[in-house]
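*Asks:* Spelled out, the chains give:
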Amino acid sequence: MPRTILNVEGIHKIYSLGSFFKRLRINALDDVSFSVESDDPVVISLIGESGSGKTTLLKVLLRLVEPNRGRIDVEDRPIVAAGERTLPDDELLRLVQPIFQNPFEAFNAYRTVDKYLRDTAVLVNRLARGHEAEGAIDETLESVGLHYGDVVGKYPNQFSGGELQRVSVARALIPRPKLIVADEPVSMIDASLRMNIVNLFRKIKQEFATSFLYITHDLATAYYISDYIAILYRGCVMEFGAAADVLRRPLHPYTQLLLDSVPQVGVKWTAREKMSDLETTEYAFAGCKFANRCPHAMPRCRSVRPAAIRPKKGREVYCHLYAEPRDQTDSEAVGVG
Amino acid sequence: MKSNATHVHGEAASRRETVDISLRDVVGTYTTVRGTVNAVDGVSLDIAGGGIIGVAGESGCGKTTLLKLLYGNVEYPLSLTRGSIRFNLDGMPITHETIRRYWFRRIAYIPQSSMSSLNPVIRIRKQFLDRAGYSQDNVFQGARGRRQQRETLERVRQYLRELDLPVEVLDSFPHQLSGGMRQRVMVALATFFHPDIILADEPTTALDVVVQKGILLLLAEVQEALRNTILIVTHDMGVHYQLTHRMVIMYAAKIVEYGPTEEVFSRPLHPYTKMLIESLPKVGDDRVRQGAKGKPPSLYSELRGCRYAPRCPKAQAICRKQEPELAELSPGRRAACFFPEE
Amino acid sequence: MNLLKYLVSRFATYLAVLFIGITILFILPRLMPSDPIEQYIGSLAQESSVALTAEQVADIRKVLAEMYGLEGSMFEQYVGFLRRVFTFDFGPSLSAFPKPVSEFIAAALPWTAGLLATATVFAWIIGNLIGLTAGYFHHSRWAAVIETVGVLIYPVPYYVFAIVLIILFAFLMPVFPLTFTVMPGPLSLEKVKDIAYNSALPAAALVLAGLGYNILGMKSLSYSAKEEDYVTYARLKGVRDREIMYRYVFRNAILPQVTSLALSLGTIFSGALITEMLFSYPGVGLLMRRAVGDGDYNLLYGTVSVTIVAVATATLVIDLIYPLFDPRIRHR
Amino acid sequence: MGWNIRLKIGLAILLFFVVLAFGVSWLAPVDPSAQGSYLPYLPVSADHLLGTNALGQDIFWFLTESVRNSMILGLTVAACTTLISLAVGLVAGYRGGKTDRFIMLLNDSFIVIPTFPILIVLSSLVRGRAGFPAIVAILIAFGWAWNGRTIRSVALSVREREFINMARFSGCRTARIVVQEIFPYVYAYTVVGFINSILYAINIEAALAIIGLSDVETPTLGSAVYWPNTYSAIMTGNYVWIGAPVVAISLLFLGLFLTSTGYNQYFAERRGHS
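Those protein sequences? They're chains A, B, C and D, same order as listed. With our numbering applied, the first sequence corresponds to residues 19 to 355, in that order. With our numbering applied, the second sequence corresponds to residues 82 to 423, in that order. With our numbering applied, the third sequence corresponds to residues 128 to 459, in that order. With our numbering applied, the fourth sequence corresponds to residues 2 to 275, in that order.
Just so you know, the hints here were simulated from the structure itself, not pulled from any lab data. Among the clues, some could well be false.
[As the list claims (entries may be wrong)] Quick list of in silico lysine-lysine cross-link-like pairs, BS3-like style, CA-CA up to 27 angstroms: (1) K395/B x K374/B; (2) K402/B x K374/B; (3) K221/A x K133/A; (4) K402/B x K376/B; (5) K172/A x K376/B; (6) K221/A x K77/A; (7) K402/B x K363/B; (8) K172/A x K133/A; (9) K226/C x K207/B; (10) K374/B x K172/A; (11) K9/D x K132/C; (12) K363/B x K376/B; (13) K355/B x K376/B; (14) K207/B x K189/C; (15) K223/A x K376/B; (16) K355/B x K286/A; (17) K376/B x K395/B; (18) K331/A x K363/B; (19) K223/A x K363/B; (20) K172/A x K331/A; (21) K223/A x K133/A; (22) K355/B x K374/B; (23) K374/B x K223/A; (24) K353/C x K364/C; (25) K286/A x K363/B; (26) K402/B x K221/A; (27) K221/A x K363/B; (28) K363/B x K330/A; (29) K77/A x K99/D; (30) K221/A x K355/B; (31) K221/A x K374/B.
These numbers come from a predicted model, not from an experiment.
Next comes chain A alone, as it looks inside the complex (with noise of 0.2 angstroms):
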């Protein structure tokens, strides 16, 4: 039987925006659900635009932000369920650790950086300050391809943004945790320098058998480094399965105009699209969520959620265009593409 990497239950999370009188209701996740389940360690990586609620589903898995439903496993484990924390916060730690978008955000300005390794070290896996301490550090900065020399006493902006990210990375390795939850890790840092640290996570998740949650807006990084994918649209799942069956073969019309705006050398873009802005009402939709913009839209898209269909093992995609053809009531409405 193999181990629940990661398991996203039902997960929902509701801004409250606007004034005491005219409330506005941002669903930033509308009943998020997946299920990564493997004996090796896995890339997860979760794709979005802005506002796809990529974001929320990071702070609510670190439990920065509490879910009002639904509940997350990691490695077996609950974490939140029915916004109960049901782990300890010290375990938390033990189990999942975070590496940020921007690393000169990451660490405070006025601290130098080998702080924020020595309190993971104690803090986190109560190992005596000194010795026992440093020794991790340096063994651990070693796998990330640093010295202890390099970083003790350093200030943040005495680094470059690849070489703090490794630090970042080092830091978050120290307590040996099973998931790494990296958050656009590598949009900061130049594209030459971008693969070195995603090589990185390549290595460490083989040596030290640890998974990866990878948030991202950048398929073709997406597609370089995980072995599965969930593709969100304003807070819902579009399209949830193995990385290189999703972008080879999108099903979700989402998916495929994802895919068709990518600049990507090689392929030339054809015609314009029909571009929608980000529009909050999307949030509030009671069918799907990409009716308006989506060229396949069927009465029905406009008011039922469409549930997931699972056309093979371990693929789901939400969309009516997949759906039985028994239950498909109005598909003479239009042709599916």
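Assemble chains B, C and D onto chain A, guided by the hints.
*Replies:* Below, chains B, C and D alone, put in the same frame as chain A:
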């Protein structure tokens, strides 16, 4: 752009073709607390004919500085310490000194951040008019000023319709528009006067890919209709591939390669360009990619020879001693390398 | 931000200011060891040659307690105090018995309001314009001169300006009167001139004291507004300099200055009170001074309550005007 | 990164006053506030650096004593208000939400309510007696709000920064995060606020003394103006008597102001390049 675009732009379309930009040994220097640094260090290039020209390179390579110098946006701490920049618009010469007179009417600019580049407290309409010169001041000039303002506003509306933009944006404040809409407003602002040259600095960096595609295709359509020159600076090689006709690659304050985009991608001449292209992962490509080794040299230090030599797999003794010229290696293709790729 | 939300939150602050201010005023004397009634009886016994009988003392006590609102439980006293403030009825003045306190205040308030409003608006507008110029042309030598002047006058307190102005223009060069003397009578051009002549020095002291704050604030705000992307972009669009200065730099830099004016009204009012006292200007400040001198508690509480209500209301008014300057609050 | 010109001048002025108040003032030959120690109206001389006043006091020694008392008052009030504003600002800023809204409502109220009339009520109640402690208490009660507001807004923005989450996942608890991560960002504002509070306290007490509502028997910068004002020093032409304290107040405030803005600038520059 809709079918009537050719009618509106008919007059504009006929006058292009003879635009060229000429850079001679341009040096742009920043004064910083650590001393002076040449962010653009001796760049010479002639760009003739219209089309979309891309300027590529990674952070700190000098591409944004080059754009500032071109536009004449040279303010402390940046200064043009050497060289000359000339534009030739249908036989009319424009130099670094006179460019300000032609800003937006003949040479326009699209900034990176549309959110912070629009005045938050005045309506979009007024931000169109203040450049058109028909702002509140003219209203005080009586009926004539008011009529002129009305006419200009009507032309602005007409133009927005051509670009498929909702006319209502004119009455909005910037914070009421989405990021994509604001950036399209910036494109509309920059192209309203049908300029001969448009300079764009990372115009889609902060946007989502779907919106980015729309903006870039809009730029491409505008260029086709106006037949003018658009110079676009971006670090995203995919954008260059999709949009540009020719491209300039910069590294450590120098131009290392220049040529037609398709050829640069299919057959890069400079080892740096090659590395840049090969480090990009692609959807559907399962090969293992390697990131670049090392990092660009600090521009504060004394630099000798080819600036890429310390990282270059093909570097020889001469590369470290002598600086290679940006030489024309085949018609329309230039590279600054002693041992260009075959 | 939503306009309604903004207005509701401002109004809540207004009510909180009133509530806290009035409550402090209510609690403060009750925390003090001395009892105003005993103090008054004590001073009465000292002044009058005839000894007071115990009955008389008890009578006086009763009357005074009623007059001061010191009857009944603490809660009843508090409700009574609130009623006094909101009905603008502070009982009779003790030093000019039985003329009600509200009459004194009604006579003094227009003077204070007139002086304060004129001086504050003047200092705010002039200070902001000077600050804008200095911030916008920050490279010029004049900007440095203006900033130095601002730095030199900013920390100087109200009373120093008052004393220096008195020494300079009432003694050494007696061009203005030392104390305020305006004849009562109907409003005429003559009288307006007279008022202006008599108010010139206190007004000047207030303007000078407020100028530095506005100059320095606006200078740094407009300097940083000038560095904003939208100003750079406007410049690159070729918008004319004067237009950039007013519609881009000024329109944005003025927003924090409006907020800061609202927040500093309390300080300005405090300064106005002491200025009035030093110039014997017939406003609320002088009235307050007289109330303290005469031990007239009703008058004192009346003036101080009115001061708090006035400052809170003026702050609210500025806050309500603010959305006119900032469309981000007006239009969500 | 060197000190800027404002900081240099400001600190020089403050140093001058500190030496005057805490070094020189102890050397006074007699109690400076005792009346009739000398003949009245003695001119400026080597014995009496600023002459003597109508009450037979040495103006110079009276002034040094005044500066000392005013500075002690200012430092006491500033120390207390700084602690309160730090606590209030950090709690409101870090906790956010309802706590923040409530504290800010209180805070804005204390900013808007004019301090001076409240102090007048207070001093009329105590009639100049038991003056100092009560005045200090009121100055503290009203003095924390401005700094509290500043510190809160800094803490509020720092709270949203990514490194706070980083510290949390490095095992830091709330107290440690506030001290290690947030305090460095509010530190400079705290110093500036401390200096401004000194100015505020000395200023208000002086204002109160000048109109005779503070404890005028204790020499402070305010009572140093009150006495010549009461004895009409202007009319009798004894300009040094009133001029000296007025100049001293202005100079001291200038010093405090230059130090606070100079330090602010110094810190901003350092932050810009560190």
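*Asks:* For every hint, state whether the structure bears it out.
*Replies:* Against the structure, the hints come out as follows:
For a cut-off of 27 angstroms, the pair hint linking K395/B to K374/B stands: about 14 angstroms separates their Cα positions. The straight-line distance between the Cα atoms of K402/B and K374/B is roughly 21 angstroms, inside the 27 angstroms bound, and the hint therefore holds. Among the hinted pairs, K221/A with K133/A is consistent with the structure: their alpha-carbon atoms are about 25 angstroms apart, no more than 27 angstroms. In summary, the hint linking K402/B to K376/B is supported, as the alpha carbons are separated by about 19 angstroms, within the 27 angstroms threshold.
Among the hinted pairs, K172/A with K376/B is consistent with the structure: their alpha-carbon atoms are about 19 angstroms apart, no more than 27 angstroms. Taking the CA atoms of K221/A and K77/A, the gap is about 26 angstroms. The hint holds against a cut of 27 angstroms. For the proposed pair K402/B and K363/B, the alpha carbon gap of about 37 angstroms is over 27 angstroms, so the pair is violated. For the hint linking K172/A to K133/A, the alpha-carbon distance of about 10 angstroms falls within 27 angstroms, and the restraint holds.
Note on K226/C and K207/B: the hinted pairing is violated, with a Cα-Cα distance of about 59 angstroms set against a maximum of 27 angstroms. A distance of roughly 23 angstroms separates the Cα atoms of K374/B and K172/A; the hinted pair therefore holds under the 27 angstroms criterion. As the CA atoms of K9/D and K132/C are separated by approximately 46 angstroms, the hinted pair breaks the 27 angstroms bound. Under the criterion of a C-alpha separation no larger than 27 angstroms, the hint pairing K363/B with K376/B is consistent with the structure, at around 23 angstroms.
For the hint pairing K355/B with K376/B, the CA-to-CA distance comes to about 16 angstroms; that is within 27 angstroms, so the pair holds. For a cut-off of 27 angstroms, the pair hint linking K207/B to K189/C is broken: about 70 angstroms separates their Cα positions. Taking the CA atoms of K223/A and K376/B, the gap is near 26 angstroms; set against the 27 angstroms cutoff, the hint holds. Taking the CA atoms of K355/B and K286/A, the gap is about 20 angstroms. The hint holds against a cut of 27 angstroms.
Of the pairs offered as hints, the one joining K376/B and K395/B holds, with about 16 angstroms between alpha carbons and a cut-off of 27 angstroms not exceeded. Distance check on the hinted pair: K331/A and K363/B sit about 26 angstroms apart at the alpha-carbon level, within 27 angstroms; holds. Taken as a hint, the K223/A and K363/B pair is honoured in the structure, with Cα atoms around 21 angstroms apart against an allowance of 27 angstroms. Distance check on the hinted pair: K172/A and K331/A sit about 50 angstroms apart at the alpha-carbon level, beyond 27 angstroms; violated.
For a cut-off of 27 angstroms, the pair hint linking K223/A to K133/A stands: about 25 angstroms separates their Cα positions. For the hint pairing K355/B with K374/B, the CA-to-CA distance comes to about 14 angstroms; that is within 27 angstroms, so the pair holds. Proximity of K374/B to K223/A is assessed by CA-CA distance (about 22 angstroms); at most 27 angstroms being required, the pair is judged to hold. Restraint check for K353/C and K364/C: the C-alpha separation of about 15 angstroms stays at or below 27 angstroms, so the hint holds.
At most 27 angstroms may separate the alpha-carbon atoms for a hinted pair to count; K286/A and K363/B meet this at roughly 13 angstroms. Proximity of K402/B to K221/A is assessed by CA-CA distance (about 38 angstroms); at most 27 angstroms being required, the pair is judged violated. A hinted pair counts as satisfied when its Cα atoms are at most 27 angstroms apart, and K221/A with K363/B qualifies at roughly 20 angstroms. Distance restraint check for K363/B and K330/A: the Cα-Cα separation of roughly 25 angstroms lies within the 27 angstroms cut-off, and the hinted pair is therefore satisfied.
A threshold of 27 angstroms between alpha carbons decides the hint, and for K77/A with K99/D the separation of about 21 angstroms falls inside it, so the pair holds. Note on K221/A and K355/B: the hinted pairing holds, with a Cα-Cα distance of about 25 angstroms set against a maximum of 27 angstroms. A threshold of 27 angstroms between alpha carbons decides the hint, and for K221/A with K374/B the separation of about 17 angstroms falls inside it, so the pair holds.
Consistency with the previously given hints fails for numbers 7, 9, 11, 14, 20 and 26, ordered from lowest to highest.
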